[in-house]
Every structure is written in structure tokens, then in C-alpha cells.
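Engineer: Residue numbers (the working numbering), protein chains in the order written: chain U, 1 to 305; chain E, 1 to 334.
If you're looking for bench data, these hints aren't it; they were derived computationally from the structure.
Pairs of lysine-lysine residues, derived as DSS-like cross-links and limited to a Cα-Cα distance of at most 27 Å, are as follows: (1) E:K285 / E:K62; (2) U:K220 / E:K127; (3) U:K220 / E:K62.
Remember, predicted model here, so these are calculated numbers, not experimental data.
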Amino acid sequence: MLTFALKRLGLAVLVALTVSAVSFSLLYLSGDPASAMAGESATSADIEALRRLYGFDRPFLVQYADWLFSALQGDFGQSYYFKLPVSQLIADRLSITMLLGVCGISFALVTAIPLGVAAAVRPNSFIDRTALFISVMGQALPSFWFGLVLIVIFSIQLNWLPPSGSGSWKNFIMPTVVLGYYAMPAIMRLTRAGMLEVLNADYIRTARAKGAGEWRVMFKHALRNAVVPVVSLAAVQMGFMLGGSIVVESIFALHGAGYLAWESIGRNDLPTVQALILVFAGFYIVFTFLSDLANAWLDPRIRVG
Amino acid sequence: MSEEPILAVEGLTIDIPMAQGTLHAVRGIDFELNRGETLCIVGESGSGKSLTSLAVMGLLPKRLECAARKLAFRGTELQGLPASAMRQLRGNRMAMIFQEPMTSLNPAYTIGDQLAEALLLHRRVSKAEARARAVELLGKVGITAAGSRLSQYPHQLSGGLRQRVMIAMALMCEPELVIADEPTTALDVTIQAQILRLLVDLQREMNMAMILVTHDLGVVARVADKVAVMYAGEVVEQGTAKEIFGHPSHPYTQGLLRCIPVPGRTKPGEHLGSIPGIVPSLIGKVEGCAFRTRCDLAESACAKPVPIHRTQGGHAWRCIHSRTKKADTERMPA
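Using the sequences and the accompanying hints, generate a full structural model.
Structural biologist: Structure follows, in C-alpha cells:
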């Protein structure tokens, strides 16, 4: 188990390094960073001064090493737009995004797994068809539209929930539902497919032959084997939620990290964009690593050679 | 007085609804099994052997339709028994060993967990006691270093070992009836004999009744007290092993016996027999003798309902011929 974990950890570090190199070179993909910062009316002397000020005149590798070294210490430089340290900027926004992401994925898992199991236990039954309907809806409804519908119903008509802001836990209910409902269908369908396959396995028949009850057969013997691919999927979706919840954050005016990324891209605020890419990629890497560990725990064939 | 039979089956039918119509997979079979007896159910693939054993365990898939005039375990009718009562019997007083040791153990749990579970489901014992029992039984089924095996996972064991584990698991609660559905088919030939020997020894030691489903007549000759020969969902002949091998009376049984070499009687280089043709479709109404399309002795009367002949010794066969004259002569090549 330990060797397995160490191997995965090494792989994760390699991926992180690659991502950092790519995100750093973004600076140059969009042209000369100094002239982009200076704006259209700047003279060539202004541009030259900026270039020296920010160190763009140094060799590329030196700049990368310098940036990476600072980044590892939590220093991502100054935001061009806010004139604040990027790390501070991100830290403020990230707590909102992380809370939203955790709530969203929890909502998705808590609804999707029981529904997927129930659908697999009685395929083509009423409950299976209902689950299919719910998941097709979730996949088909655009988040922005679903979010607005919720606001119309629960904020404007019923006046139960605040439509925007991030002041209290009530602000997070609708965004959680919208974000979670988007992730739910894939998890539900994967759980159902996995359970259908596992329920036909010989070891399920063995469990029944031992005299195990249906709940025990479903949750102890079947679900543990069916849920392995679901864990991997949920990890990717969690990463996606933390990085890509821009739409949901804008609708509910939750000023999280996704929203910040979108703003910063528009403002050409490269240090912020670089740092956010690195942070988002870091989430993916961490969650993938965690899901590998979880799967190794669930399935001994992965951890015991 | 003789005690109640462990298992009494009368008129068991199993239907499989299919798109093309109903498949009558098992068509009215009867058998009885007493304490300590071994019944071998013999037949080719698709003859309904496995379905019959699953039906006894109450493990048939729900979409299959199963009915019987009588399906009684120690006098308790199993049909209509509440699911919870059936669960208390399964794995406790009747246990099953399956054909596929490679896939019959749950890959996610250790051998120890899975063995202990069998006992914990039915007895008020502590985990430690259950594990101790697991070690004891692993020793009984001939697994060395049983204590250290408990923490191993199924994928770390060979097929032969896994089947031994399956046998140990079936015996955790000392069942009165064990059903072994082709327990050696998936194993190497060298392992097959060991596993079979083990099963028979344990059956005698624990005085269990055993149903052994197989298509290997060599195995049957060695272990069976009673034999039921199945063909196309019917028991075409049954009786004591001595009767079946000494006086096979149904043309199908005779055909089967011609297909295996007999030491001392089959000459080297001699061709073994085979039964030409294929098993008929069992979809829709099946009338008369199902074997008639492949039978040398078939007559027009075979298309009508077939009588069952019984001798006093309990030997019974389903054929229009009272006892085919070819019965004993046929085994000697002309």
C-alpha cells in the first residue's frame, strides 16, 4: 500500500511540474507581456521600462525558475489589476469556491448513489425510469437557466432564499443544487451500470447462498465493487467544480475563484491567471491522487500485488 | 423408523419466459435424499441440473417461474416460505458450492472476512470465534498455514485453493445438505480428483446429504449412492448407483455409458460411442419423449406421453420400453 501511494505521489508531482511549466509559458503565448501590460498608447520606452521592472528581459528559464521558486513559497507575484499579492487575492476567493465545491459534490453523491443503486436493483421499473428522467434533465438543463429558474421560484416568488451574495449558509443552497445537479447524472448512470454488472457476478450469488439479506448483499458485497469507477469520476468532477464553477458563481454573485479567473482573463491579469491555473490543476492532481488511494482501499487487487 | 428425508422434490418445473415463448427448462422432476446420502445429478449442459440445484436453494433469478407439488427440506415446505425464513436455512442448514471458484469469492474482502461472515450470519458468536472456526475449516479442507491465509484476498489464491475456500465456507455452519454444482469443472485435472476426494471425505465425516451435479460419469461411479440422469429438463432414469451402472434401462443412460471408457472392457484403440444429434428445443409445448429424435429405439408411440417404469428397488426410468433388451448386450461391441 505504501509503495503504491508513493508511486502515485511521484506521478502527481511530475504532473504538477508539467502544469506549472505550461501555465508559466502562457505568459508568452499571448505575445509580449510588457507591451500587453503597457496598453496601446504606451511608447517603446515605457514598454522597455516595464520589461526591466518585471524582469521580462531575463532568459526564459531563469524567469520560470524564479517564478516557480516563489510560487512554491506561496508568492505568485502582484496582480496587475488589483495591485495586491495574487496569493492573498486567491485565498479570499478560494474559501467560497471550496465550500461550494464540497457542497456540490456531496449533494451529487448523496442523491446519485442511492438512486443509481435503486435503479440497478429493479432495471426498467418505475424507479429506474424516474431516475433516468431526472438524470437526462440534469444533463440537458443549462446551469445558467436552471439557476435562474430557482432564483425566480425560491427568491422572488416564495422569498425563501437570498438570490445572491455569500453572507450566510442560505446563500449556498441554490448554487449547491445547481452545481450538484449538473454532476449528478454521470455519477448516477455510472453507479447504475456498475451495480447492474456486479449484481450478476458469481460472488453476489455466493453471498445470497450464505444467507445474507438483500441490504447486506447490495451495500456490503455489491456497492463496494461497483463504486470504484464512480470514485474516479467524482474526483474529476470535484476538480471541475472547483475550477469551472464560473457560471454558477456569476449567477448567484458568489465571488469565488472561478469568477476571479474569468475576470482576470478579461483583464489580461496574467499573474492571477497563472496562479489560478496552477491552483486548479493542483486540485485535479490532489483529487486524482486521493481517488487513487480510495480505490486502492476499496479494491485490494489494486494495492496487493 | 426412518427419519424424514433431508430433501423431497416432487414435480418440480422451471419455466423461463423468453421472447420466442416459454422455455420449459425443468419439466416435472422427482427425487428424494436422506441423511448421509450422495445423489449425483448427471446430464449434459442445458439439461436443467444447475437450475434444479438453484431452485432447491431458492436462488433462481426472479424472472424464472418455479413450481413443484412438493419441495421440502426436512419436512418443511420451501415454496412460499418467507424470505427471512429461507435466509435462515441458506448457508446454515443447506449450503452450496459453485462451479466457478475464480469468480465466486468477493474480490474486495479477505478470505477470513468471507468465511467468518458465513458463521456470523447464522450464529451468535464473536468475530474471534468465527475466525477460529474459519481456521479450523481451512485446515479441514487441506489448506496449510490456515491462520495466515485469513488475511489474503481471493486474487492471491489459485483456483484449487479458492475452491477449497468455497467448500470451507459452505461447511462453516455444518449444514445438513450440501449442493455442489460441478465443483471441479473449472479446475485442472490433477486438482479435480483431490477436491472431489476432499468433498466426499468431509461429507462422510459430517454425515451430510450431498447433491453432486456433474457430467462426469467416472465421478458418479466413485461417489454416488443414488443417481438421477437428466435429459432435456427431465429425470429420464434414476436409481441406486449400482442399478444405474449395472442395469442402465433408458436408452440415453445406455448411450452415456457407451461414451466413457471402462477399464478392462474397453479395448485399446477401440472407438468410444457417441450420441448423434442435438438436444431438442424446449421452447413451447414439449410432448412425448424428448430423446426420441436421437434414439435408436424410437417408435411412433414415443411421441405420446411416456410411462414411468419402476422396480421395487426404486429404480425408475421414463421410456415406452419396459427394459430395453439391448441393455446389457449393447455395451459389448458387436
